[in-house]
Amino acid sequence: MSKTKTSPSITSKTSSPLFEVKDLSVVFDTPDVTLEVVDKVSLKVSAGRTLGLVGESGSGKSVTCLAALGLLAARGRVTSGEVMFNGKDLLKVGEVQMSKLRGCEVAMIFQDPMMSLNPVRTIGWQISEALLLHQNLSRDATYKRALELLDMVGIPNAKTRFGEYPHQFSGGMSQRAMIAMAIACEPKLLIADEPTTALDVTIQAQILELLSDLKKELNMAMILITHDLGVIAEAADDVAVMYAGRVVEEAPVLELFDAPLHHYTQGLLNSLPRVDLKVERLSAIEGAAPPPQEFVQGCRFQLRCGYCDDACTGARPIFSQVSDTRRVACQHPMSAK
Amino acid sequence: MSNSQNSQPEILMQPEILMQPEILMQPEILMQVRDVVRHFTGPRISFFGPRRIAHAINGVSFDLYAGETLGLVGESGCGKSTTGQLILNLMPPTSGSVTFLGQDITNIDKQEWRRMRSQMQLVFQNPLGALNPRLTIGSQIREPLDIHEVGDEAERDAKVMEMLEAVSLPEHLLERYPHQLSGGQQQRVVIARALINSPKLVVCDESVSALDVSVQAQVVNLLADLQKKLGLTYLFITHDLSVVRHISSRIAVMYLGRIVELAETEELMNNPQHPYTKALISAVPVPDPRARASRATIKGEPPNPFNPPSGCAFHARCPYADAICSSKLPEFRETNDKHMVACHHVDDLTKTT
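Keeping their order, the protein sequence lines are chains A and B. Using our numbering, the letters of the first sequence map in sequence onto residues 1 to 337. Using our numbering, the letters of the second sequence map in sequence onto residues 338 to 690.
So here's chain A without its partners, still in its complex pose (with noise of 0.2 Å):
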């Protein structure tokens, strides 16, 4: 289809970020320890960008948009932090202003389509639940903007597929669907889990052509969670990299993939098979990312790290500013090229 797609922006603007979580922290209380999962995550997203958030799994990259939408599971709290999103601190708005402004202002999609959908109701029903509940609109109104919505992510035969339910619908429709319904109040940050990985690579690239596009229609600020980094490549703007609970590093994607510069990056760049190359050997990175309960003090890859000495044992490594763009938290970051 569209071969015109543009390629990532550099510049980042200056305006006053849409969304912003400053020095989060999430725990988990389990019957023996409390585990922290999110140790002061700060992460920012303006209008009409798209932040790329990608870690392994159990890094803490779901976990910490949830907590910001207050979505989390009965066991988690947030013990500090502040999630500011257009001047007001989310965590402080309490649970009603919270139900107006999720899946209207702030809509959040994810990984496995089937399992978001209700298998009861239609497809038509469940995206207009979402603008009967937030838009004063008609019945008829209603009806209209969902075929239109339909109509808007791609999904053929509005009319018909309006009163169909979710097992009639493939994958990649339904996936189009959940889109429909989260776009449906055209909100102002859209924040998709994961929403490619269950799809086949065909359809994921479809959905990602689909996203970017409403992106630029609705002028969104967008958080991409994933744990592909050809994802990232292919649609985020900017980039922030999670390694075990903490932010390890932040980048505008052109800079993190040619010169990342936390070692933990650099290694999962390596790691990776290319369908574009043919690399002889993989160089895996030894030993796998330690679970929260085996979080260790100071920096939490060094176990893993090559460059790993004392200063990397002691404190935590400061997220420090290291160009206008882009933070590291690295004791012995590697040199910018």
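Wrong hints could be hidden among the right ones.
Unchecked claim - Facing chain B, from chain A, some residues (calculated, C-beta under 10 Å):
(1) Met173
(2) Thr196
(3) Val201
(4) Ile203
(5) Ile232
(6) Gly267
(7) Ile285
Claimed, not checked - Derived pair list, reagent style BS3-like, types lysine-lysine, alpha-carbon separation capped at 27 Å:
(8) Lys565/B - Lys496/B
(9) Lys216/A - Lys636/B
(10) Lys216/A - Lys88/A
(11) Lys100/A - Lys44/A
(12) Lys44/A - Lys216/A
(13) Lys92/A - Lys22/A
(14) Lys278/A - Lys615/B
(15) Lys636/B - Lys159/A
(16) Lys675/B - Lys278/A
(17) Lys615/B - Lys675/B
(18) Lys88/A - Lys22/A
(19) Lys665/B - Lys615/B
(20) Lys565/B - Lys278/A
(21) Lys537/B - Lys565/B
(22) Lys636/B - Lys144/A
(23) Lys144/A - Lys159/A
(24) Lys496/B - Lys537/B
(25) Lys92/A - Lys44/A
(26) Lys566/B - Lys278/A
Unchecked claim - Cβ-to-Cβ under 10 Å is the rule here; a few derived chain B residues that face chain A:
(27) Gly411
(28) Gly414
(29) Gly521
(30) Leu578
(31) Ser579
(32) Val580
(33) Glu603
(34) Ala620
(35) Pro639
No lab work stands behind these hints: they were computed from the structure. Please read these numbers as outputs of a predicted model, since none were measured by experiment. Here a beta-carbon is modelled for each residue, glycine too, at the ideal position from N, C-alpha and C.
Fit chain B to the known structure of chain A by using the hints.
Below, chain B without anything else, positioned relative to chain A:
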């Protein structure tokens, strides 16, 4: 990996193979799959109506050479896992034959099969699902030896330790249970268990897909090392073209129950000839933000196997399709040296590109 194929002179010297000049160039054929078809019956359309038939596999043929890794790629529902199960005789084909070292395994005597099946193993995607939660790691790795009554107690213990070292797992894990291990360690246990009876063929069905990239790289390297060391043959089933490019010596691309393209890895990746293969390769996100503009996406979704399209299954999504594509099934033929493609327009397409 092509080196390991060539390093089997003793097989080439077998007289019956020498008599067939076209096979002379090839290493030993471990498994031969010929015109395998598998249908699944769905529910009835109405109370007295006929059952619907899903055409999962519509005539798949390929050879597996000893010591090679054949990558089998395709989107979900294309029949790649079913193919894997069929060649391990985990389900009978509707028609067609599968031979392992010259012996047809599709209707083999049960006793015979029991002896033979230790030479073929399967490694699944989800290691936690493949391991018994109530048995220790040690006893699970040892179990195949007990079942096939290999050696005495001491020999079995020694074999377990040897296998544990081969997959780089520390000894103290032997007494642990699967849930106490990380995902990468669990997959290593599954691999150790699969390899302990020295199989010839290992079918890896999305074996590394559930792992995080850093751990995935470790397991991919491990599989490559074990192959070199033990002379294994892999059928590597995955949806991930990057992994398959890395590990395979040849790649077969499947679409709706048929192989549409089969060639050596570098030839296929650098010179894909079927429009579907081209689309598939270009759809994989490349970890390079500068490569964004060069992507071409294809429209639509894979067809329903209950209602397969006429002619070439890809014609509805293919930018080059014309009348012949929707009416006639393209022949799976060799276009140039060792490159097989099933497409009506492959000659025109290769000319233009």
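Hints, one by one, checked against the model:
no. : hint                : verdict
1   : Met173              : holds, 7 Å
2   : Thr196              : holds, 9 Å
3   : Val201              : holds, 4 Å
4   : Ile203              : holds, 6 Å
5   : Ile232              : holds, 8 Å
6   : Gly267              : holds, 6 Å
7   : Ile285              : holds, 4 Å
8   : Lys565/B - Lys496/B : holds, 19 Å
9   : Lys216/A - Lys636/B : holds, 21 Å
10  : Lys216/A - Lys88/A  : holds, 24 Å
11  : Lys100/A - Lys44/A  : holds, 22 Å
12  : Lys44/A - Lys216/A  : holds, 18 Å
13  : Lys92/A - Lys22/A   : holds, 14 Å
14  : Lys278/A - Lys615/B : holds, 17 Å
15  : Lys636/B - Lys159/A : holds, 21 Å
16  : Lys675/B - Lys278/A : holds, 20 Å
17  : Lys615/B - Lys675/B : holds, 18 Å
18  : Lys88/A - Lys22/A   : holds, 13 Å
19  : Lys665/B - Lys615/B : holds, 21 Å
20  : Lys565/B - Lys278/A : holds, 19 Å
21  : Lys537/B - Lys565/B : holds, 12 Å
22  : Lys636/B - Lys144/A : holds, 26 Å
23  : Lys144/A - Lys159/A : holds, 10 Å
24  : Lys496/B - Lys537/B : holds, 17 Å
25  : Lys92/A - Lys44/A   : holds, 18 Å
26  : Lys566/B - Lys278/A : holds, 22 Å
27  : Gly411              : holds, 9 Å
28  : Gly414              : holds, 9 Å
29  : Gly521              : holds, 5 Å
30  : Leu578              : holds, 5 Å
31  : Ser579              : holds, 4 Å
32  : Val580              : holds, 5 Å
33  : Glu603              : holds, 7 Å
34  : Ala620              : holds, 4 Å
35  : Pro639              : holds, 7 Å
Figure legend: structure checked against the earlier numbered hints; every hint is met.
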